[in-house]
Amino acid sequence: MSTPIPRRGPTSPDSEPSTLTAEHALLLAEVTRRTTDLLGETAQGHWPQTELARLLDYLHFEVLRQVVDEEWLLFGRFHHDAQGLAQLRREHLELRRVVGLLADAAGGGSHRSPQHLSDTIALMMTTLQDHLQHESQILGAGEAPSTSRIGQTPHTWFALVNSPVVDLDLLPGKRGIDAVLARVLRLHDGEAVVLESSSDLSPIQARLSMADPGGCGYSVLQQGPPRWRLEILRRSSP
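Mapping to numbering that gives the first Met the number 0: the sequence shown position 9 is 8, numbers consecutive.
Honestly, I wouldn't trust all of these hints.
What follows is a set of in silico ranges between Cβ atoms, one per label pair, in the way DEER data are often shown [as the list claims (entries may be wrong)]:
id: 1; residue 1: Leu220; residue 2: Arg185; range: 15 to 25 Å
id: 2; residue 1: Pro113; residue 2: Leu92; range: 48 to 58 Å
id: 3; residue 1: Gly172; residue 2: Gln82; range: 34 to 44 Å
id: 4; residue 1: Ala52; residue 2: Ser236; range: 37 to 47 Å
id: 5; residue 1: Asp118; residue 2: Gln82; range: 23 to 33 Å
Because the hints were derived from the structure by calculation, they are not lab data. For each residue, glycine too, the CB sits at the ideal point set by N, CA and C.
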C-alpha cells in the first residue's frame, strides 16, 4: 500500500495560484502524484482500490469543478474567437467522458483488468495535458487570473477540506463555509467528519441542517471557548 497523501498545512491568499497557468500546473501536479501512487500499486500486482478512489475524488471534485468554473467565470470575460472557445468546450466534454471511463474501470468488479486501467490512466493523462496546453494558448493563461482569485474555492484547500478533522480556522470566510458544506453533503452513509474552530460552530450547524434536513446527526465534542468541536455523521438511508 502506498503512503497516504498527507494533509497540507494552512494556506494564505499569497500561496494560492494567481494565474490560470499556475492553477493548471497545480492541478496537473496533483493528478500526476495520485497517478504515480496508483501505478506503483499495479506494478506490484495489487489492485489499487484506495489510490484509484483518491484519484477519482480529485478528478471529480477539483479537475471537473475547474471545468465548470472556467466556463462560468473566464470564458465570458475574454474576447476570444468563438471557434477557440467552442474547441475548449468540446475538450471539456471529452475530459468528462474520459473521467467517466476511469470510473467505469474502477467499478469493474471481478472483471477488473490492471492493463485496461493503465491504458485508461494513460488516456486520461494525455487528454488532460493536451487540454491544459490548448487552453493556455487560447485563453492566454499567463494573463488570465486563476479561478480562486475571482472567488472560487482554492484547490490548495482540497486536503484540508477532505481531512477527517476539518479546522475551519484554516478555511476563512464564506468560501471556507461553502467548502465545508459541500464536503458534508457528499458524505457517504455512516461516514463522519469532525469540525473544529476557535469560534462557535452553532451557526454552521444551523446552515447545514437547513441545507440537508434530517440527513446528518450532530454531536458536540467540545463546547468552547477556547475551542469548539462538532462531529457530523451521515445517517444511513432508509
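Measuring from beta carbon to beta carbon, are Asp118 and Gln82 in 23 to 33 Å? Holds - the Cβ-Cβ distance for Asp118 and Gln82, about 32 Å, lies within 23 to 33 Å.
34 to 44 Å was suggested as the range; check whether the CB atoms of Gly172 and Gln82 agree with it. Holds: the Cβ-Cβ distance is about 38 Å, inside 34 to 44 Å.
Within 15 to 25 Å: is that where the Cβ-Cβ distance between Leu220 and Arg185 falls? Given range 15 to 25 Å: holds, Cβ gap about 22 Å.
Cβ-Cβ distance between Pro113 and Leu92: within 48 to 58 Å? Check failed, 28 Å falls outside 48 to 58 Å.
Can you tell me whether the CB distance of Ala52 to Ser236 sits inside 37 to 47 Å? Violated: the Cβ-Cβ distance is about 20 Å, outside 37 to 47 Å.
When the structure is compared with the earlier hints, violations turn up for hints 2 and 4 and for no others.
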